[in-house]
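Start from the sequences and build out the full structure, keeping to the hints where you can.
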Amino acid sequence: MMEVRPPYLGAAYYPEDWDESEEDRDIEKMLSVGINVVRIGEFAWRKMEPRDGEFDFGWLHRITDKLRNAGIGVIMGTPTATPPIWLTKKYPDMLVEFKNGRVMQHSGRRHACSNHPEYLKYSARIVEMLAREFGSDQAVIGWQIDNEIYLANNEGCFCKNCAARYRGHLRKKFGTVGEMNRRLNLNLFSQAYDSFDEVPLPRDTWENPHLKQEFLISAGEAHIDFVAMQAGILKKYTKAPIGTDQMPLGGMNYRQLHAPLDVVQFNHYNTPDDLWECCLWFDYLRTLKDRPFWNTETATCFSASTGTHGSIKPDGFCYANSWLPLALGGEATMYWLWRTHWAGHELVHGAVLDSSGREMYSTQEVRDVARDFAKCAGFINETVVDTSVAMHYSSLCCNMFETQPIVGGFRYDGSLKKHFYKPLLDCGLRPDIIDEGADLSKYRVVFSPFMITLDQGDLRERIAEWVRNGGVWITGPMTDIRSAEGTRYTDRLHGMLETLTGAAFKYWFPDNEKRISSKWRDGEDFGGNTYYETFEPADGADIVNVSAGHRAVCGDAVLQRFAVGKGFVYILGTIPDEKDMKKLITLVCDDAGIPCGLTEGDSLIVSPRTPVKAGSADEGQLGGADRSGVILVDVCGRGGKYRNKAKYRDIISGEVFEDDIKVGPYKVMVLEKI
Amino acid sequence: MMEVRPPYLGAAYYPEDWDESEEDRDIEKMLSVGINVVRIGEFAWRKMEPRDGEFDFGWLHRITDKLRNAGIGVIMGTPTATPPIWLTKKYPDMLVEFKNGRVMQHSGRRHACSNHPEYLKYSARIVEMLAREFGSDQAVIGWQIDNEIYLANNEGCFCKNCAARYRGHLRKKFGTVGEMNRRLNLNLFSQAYDSFDEVPLPRDTWENPHLKQEFLISAGEAHIDFVAMQAGILKKYTKAPIGTDQMPLGGMNYRQLHAPLDVVQFNHYNTPDDLWECCLWFDYLRTLKDRPFWNTETATCFSASTGTHGSIKPDGFCYANSWLPLALGGEATMYWLWRTHWAGHELVHGAVLDSSGREMYSTQEVRDVARDFAKCAGFINETVVDTSVAMHYSSLCCNMFETQPIVGGFRYDGSLKKHFYKPLLDCGLRPDIIDEGADLSKYRVVFSPFMITLDQGDLRERIAEWVRNGGVWITGPMTDIRSAEGTRYTDRLHGMLETLTGAAFKYWFPDNEKRISSKWRDGEDFGGNTYYETFEPADGADIVNVSAGHRAVCGDAVLQRFAVGKGFVYILGTIPDEKDMKKLITLVCDDAGIPCGLTEGDSLIVSPRTPVKAGSADEGQLGGADRSGVILVDVCGRGGKYRNKAKYRDIISGEVFEDDIKVGPYKVMVLEKI
Amino acid sequence: MMEVRPPYLGAAYYPEDWDESEEDRDIEKMLSVGINVVRIGEFAWRKMEPRDGEFDFGWLHRITDKLRNAGIGVIMGTPTATPPIWLTKKYPDMLVEFKNGRVMQHSGRRHACSNHPEYLKYSARIVEMLAREFGSDQAVIGWQIDNEIYLANNEGCFCKNCAARYRGHLRKKFGTVGEMNRRLNLNLFSQAYDSFDEVPLPRDTWENPHLKQEFLISAGEAHIDFVAMQAGILKKYTKAPIGTDQMPLGGMNYRQLHAPLDVVQFNHYNTPDDLWECCLWFDYLRTLKDRPFWNTETATCFSASTGTHGSIKPDGFCYANSWLPLALGGEATMYWLWRTHWAGHELVHGAVLDSSGREMYSTQEVRDVARDFAKCAGFINETVVDTSVAMHYSSLCCNMFETQPIVGGFRYDGSLKKHFYKPLLDCGLRPDIIDEGADLSKYRVVFSPFMITLDQGDLRERIAEWVRNGGVWITGPMTDIRSAEGTRYTDRLHGMLETLTGAAFKYWFPDNEKRISSKWRDGEDFGGNTYYETFEPADGADIVNVSAGHRAVCGDAVLQRFAVGKGFVYILGTIPDEKDMKKLITLVCDDAGIPCGLTEGDSLIVSPRTPVKAGSADEGQLGGADRSGVILVDVCGRGGKYRNKAKYRDIISGEVFEDDIKVGPYKVMVLEKI
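Residue numbers (the numbering used here), protein chains in the order written: chain P, 329 to 1002; chain C, 329 to 1002; chain R, 329 to 1002.
Everything labelled a hint here was simulated from the structure, so no lab data went into it.
Warning: the hint list may mix true and false statements.
In this list, chains with the same sequence are indistinguishable; a pair is considered to hold if it fits within one copy or across any two.
Claimed, not checked - Computed cross-link-like contacts, DSSO-like style, restricted to lysine-lysine with a CA-CA straight-line distance of at most 30 Å:
| hint | residue 1 | residue 2 |
| --- | --- | --- |
| 1 | Lys418 | Lys500 |
| 2 | Lys488 | Lys750 |
| 3 | Lys418 | Lys501 |
| 4 | Lys910 | Lys417 |
| 5 | Lys969 | Lys1001 |
Here's what the structure looks like:
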């Protein structure tokens, strides 16, 4: 592999869209700005294979050679998102079918169905040809499979191949149609089927929520298999890390998707309004693989699929945004795109350079990023994020809330971020976001809001054991109130909660209007919202009780703490308002002996860094240095204060601190302990 | 028939969805809560007929036997809303076709077209089989045909059978296509047809409003015939009363629907925000049949087709809601449902018990209802609601406002409720809501707002005669401005109003912005909204005149009273604002000698009760008691005062009153005159 | 031609919808109200040709004869918008296909595709038959082709004939498919095609913006050809002026449409809220043809396709609205419609008479209009609007903003009106609105906002020459940033701006949140919005510079003036706020020596009138009078003041003024210089 060392600062580059005469100037300009990696190839199938079976990689070798000579690394994309017209024309039934029966057309992206046998065959062939050509090219430091491969329209494809896969999925899951009828209660509404072939796709009728969930799972697995197929081919030809670039938006099982892959690749276009939300995904991505993730796409200034969104960004936003992945466990920031397209879709999307080849207003900040990445490269490469706090995120739960909403208007993603994740950030904590498959042993505290089902492998047992061994588990509301298929229990509300803790569940109900009032044991008001589960107050366990709202629930407990083995379980019966969530976090941190409240304000995030551990993937390549510290990023542009008592040097500015540290708007500090 | 006497407190029960082992516990629990009736069977076609022509009623006999033994009555539903997959598979063209050409799928309810000959044949067969089995079962105290049989998507089915029926309907109505062209002015836009077969269904083009209206009528009649067909079969086997459970939402002609039926069955899911609106339907339902109606469905706490709506209900809401049908002329309150489904659709809908078998927060209120129904059973059964005030409601007018809106944004239902019905309630009156076919002779006062056509049989003549005999008719705005087909008159605005009263119409126009100002004769301001008709002020007849807004209408009358024979006609040229509507009601009540203003506040409803009349259906079964009184229900939760001068005992509390009576939030008083 | 002289006051009349017995009364009433022209025939195809090839014009002759005898002129409409059912039945594939594949039905209007060969054949035949019958009828003073012929659903028809035309259009434009691929950069997303036949229609996939634009052009040309075909036939039989009635809403190229036509016909239904916006269209229409335009449709009171919109209009609104076209260069105001339909669509639309034959509240204002048109006929006919200020409007640019939005939320039409046109009106100016083909030589000042492309024929050269000869050009933002195909330049942002002026472009970016602050050279704050282009401040050229918002743009110029030859170019880098736009207009008027600020308030419009020029179309028919003056119309109902120094007589009131003139709400003054 060519000697391009992380951290990577990159951009997407589409030489196929430009005159050859622009190439040298573009590369010169990349060097001048400080770009050390480019992503190429992802949509260029037709240029690689202009006619069925006729391949032309000459142009791609030319540009790869030029980049290699310039010392710029290449991430090579497989072009399967954009099959050429000769292929769609040959197999018109490979086009994705929408829910309403309409069929996608050639002209955008991802219009081919991942279940179509001929599309799969042709995809395999172009991937293999590409891999053969570039698998051992020293310029190629990584591979990207396809691009943003999500369920079409967030609903999936409804073509006959997808129908067949779905019915096969049901057959595999339930064995017999009778078993499916029984487990999903298909006697209801006389829905029961006599054959799997009769099960309709979830189109526009009033759908069964459990079948709809299975359809989403089946549709997601089609993509997962498609990616795995490509990964299998690539591995025959290359040692460079392989990934697929995605935004983790509900739907797909990311653990399953990444099983055959080497590196998590992630795209985002967050803005000043919601940059903090993006931290959640970074906190999640670093837990999926041992290897630092790559932020494969983000905007330099504004994004625009059709018409720009928002306004000119504040000073420093591009800089802070570019640093965020590195602060939170990644090793690459790449912009989409190097140079705005001169024609076609997304014509006004921001880039490093404008389509005219001139700089954009944010280009200088990109230069600053390049300079400071270089300064901090050693520290970044030799340390990792380390924390003992985690929060659960589950794509299955996310899907379940979509297929069977519990409270009207409630969205899993939004509430998780706003009501749980943001208060954790504001308390100066750095949570790992973990899925249901993650190992819990490294954590002292785990938050599990809205884990509507825990019926996932041995998860219940693992949680129970972890608590008994000393874990502090904050769970609820809505913990484990569904089976894996999304059905309810006929003899209890919660799968395991009462058994584990001795809590006695009473009622559940929505509360969108804040009819219910509650109080902490100390007499302070407690605010909850949206949804409630109430419990018989357990002796000494109750922390918050209902004080008013309805005769039937007055005095019931809404938040209780139970000692379980060496650990604690906090059962949360509602979604706390912000100040009460922070009060709860403080209580929990006390239980677990975790320092809390290290920041002032609600704008700053803290990322503690410890040395790369013995045995970790990168260890061999690093020196014996035992560096540690903390990275601060102001993500909301309001600035903040870090309550510091240690001695740190900011590698970027060179400044040394021994006391509280003030951080300006969109400033970044890479503080190494000295 | 088994000895279960009204009032009925019931719930929908779906034994087909539960393990047999749950049945005994469920029945025990019903007895403990106080349920005396359950509705079963309505969606269980497949369980009754698992394969074409193979019937299994064993399970249904078992549960019916158990219920009979427990002293719980059964309302047996015909399962035609949910044809099994083997039937839809055999006749795929029986699926409902939507306006846009999409076809419903198996997986919800009412996906079969009521016009499909084979669906009708199979429906008849299952109904007959069911009736044979249970027609003489002593447990079965009533029958319910199908469930909530409305026009698909509020628009109707567009399949070829429905098209044929629609064209047949036109042929029957107009005789020749030339006559249709002429009467509907189809020269306009060169629309005229040469054959009925050419008339398109009203899909997504700019439709002719009159043809669209006929389509709605034809679609409604398909359902009416379907229900009548089932009623005909059931009557061969049972003496128990037969109905079909509905929400009276526009569309269908309820008088025609109920002609072959015995009892009106009604479902509603109103909430604290709109419980008062539901009173209008109860006031309507009791006028359709001599027999007390059944409230077949309402929620114990929250409803949820997908995700719960709203919040926990206030204390007492379930109690007041449960009493409302009984107060207003019904004899049954039934909850949907007994126990929340453990899987499938509507998974979080409130019920008497949660799917876990545990009580919900509202269960105690259900118990209170059972206890108090029992206390008041005699009084309820031996008295009826009696009033001399009525208000017109017309499904034809409702349809006409949908197919040819008059003023943008105006909705018939909403304005009728808000601008006419609520002020009547607030004045302490108890109006009968009557359709165009109702006899007027028992009323002293009739309000007829928005009766856009009176071209319905002999209605005009009957109204005129009733007024001449002393009736007080408050009519308008928009009275009789269309023929039965929805066309306008070419020589006048109103069909009969000028002739009847001598009023001289001048202009009509919209006024959504309150540009027009008017004054009462006494100089007070009068507020009108949305729409105006103005008249030449008649000598001594004018009450309200336009004072400002536009030169052309200044001085015109907006509200006039005309003496006609022994009666009066109030012509109302606009929609009065609340305070002015109340002032008008007071004037009218003076004319008619009706006491007005019996309540204080806007939360309480009053239902006067007089002895069941000689000759009425129930008489034979009742004692000779001559009981009377009044039932008060606080429907808005704000409490109120009843201005009382008589001596009453509240049967529920035992308290005796001789003076003003204060009623707390969601309280009910059953006051018997003593 | 019959002796009906302009100005015309007319109405649409549909004798085919009424009983013959109503005709004489209707015509009498027309005379009494003062109507001198009626439009007939436009939707009566079936009445003219009841069966294929059987024609009946007897009824139309009868009514035309009666009108001629009454001295009322006729505008005869061709009925091609409403093919009869026998035709659609014969060729069902002539029905328009929507984007989503759904096909329009018989029952509304314009359901036939302008590209269908048989529809064209039958259209030609009915037009020829009608022209033969009435081509030399003295009553017929004009012809109207079809009615409001726009792209179906604003998107066009997607049938196979339209597909073929579109592909033919591409072939004609690009020659080879390779050239199309190259010029539109179809390598992007591997979109490139191997044959024109493969290019999909722009339905519901993520579409290529350039291809979508070509589709809109092709769809517009289908209509243009259809109109031209009819005009060709009509010209063989008539000397009366021919037009087609339209609302100029984006989309079609109006210059191309009107090439074969004689008179511009225009429909509008503006209300008190937006009557001023309508002035823009009138200012545009008078520039398209030498002959005064006709306002073929407007409402007397309220309009209503389904349900009335809005409220009763203020006193005088109908009067002012009726005068507006005459003030701004037209010679006809016609109402839609004479008498409201008694059945069918648009049943509650306002008219001169109600369907009952009675007057509506606005009828008296129509009488006033007739009286005052007569008083002012000589002045109107002998003068024309004259101005030296113009503003560009381009249907191509309008389409381009739709197919490739630049800033999210920005709409070309709305911003043009609000941010540029209204300030011009408020400064008392009377701009001509001109398209890209218009001659510039008569103007001293031209505003060109949002002219996203100037790549239209020799437009760039003509502008440059005009400036060098002394023109004052205010251009931007977004001037010439696209080629005619909508692609960007790869070496510059603006096609010609830097070359012409020496300006040095730096950055462009959106600003929907007003993050950017700027200042005039005099230190006053300058407000811009939505979008920015910034420039290196040129020596002495800068007027407005960025003062804050983002480090990278501080100090950049946003508004600069460059001397070019004898003229000036103002480059505007953003959309100025209202006060700043007015300040700019004042500066510009100073440069050009144009009086500015003649009105007070924001409600009044000013239309300067000069004698009809020698050689103009109407000259021969007019006397030698050399009349001039100004017409004032209060369009917003708030009244205003005209800062007058000349001596004028108001022809309507007879009043004489030598000083400032106050104009009341919705008042009109026709001031002749004396």
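Cross-check of the supplied hints:
1. Lys418 / Lys500: between (32 Å within a copy, 27 Å between copies)
2. Lys488 / Lys750: So Lys488 and Lys750 fail the 30 Å test inside a copy (43 Å) and across (55 Å) alike.
3. Lys418 / Lys501: between (34 Å within a copy, 27 Å between copies)
4. Lys910 / Lys417: neither (58 Å within a copy, 57 Å between copies)
5. Lys969 / Lys1001: Within. Shortest intra-copy distance 18 Å satisfies the 30 Å Cα cut-off; inter-copy 74 Å does not.
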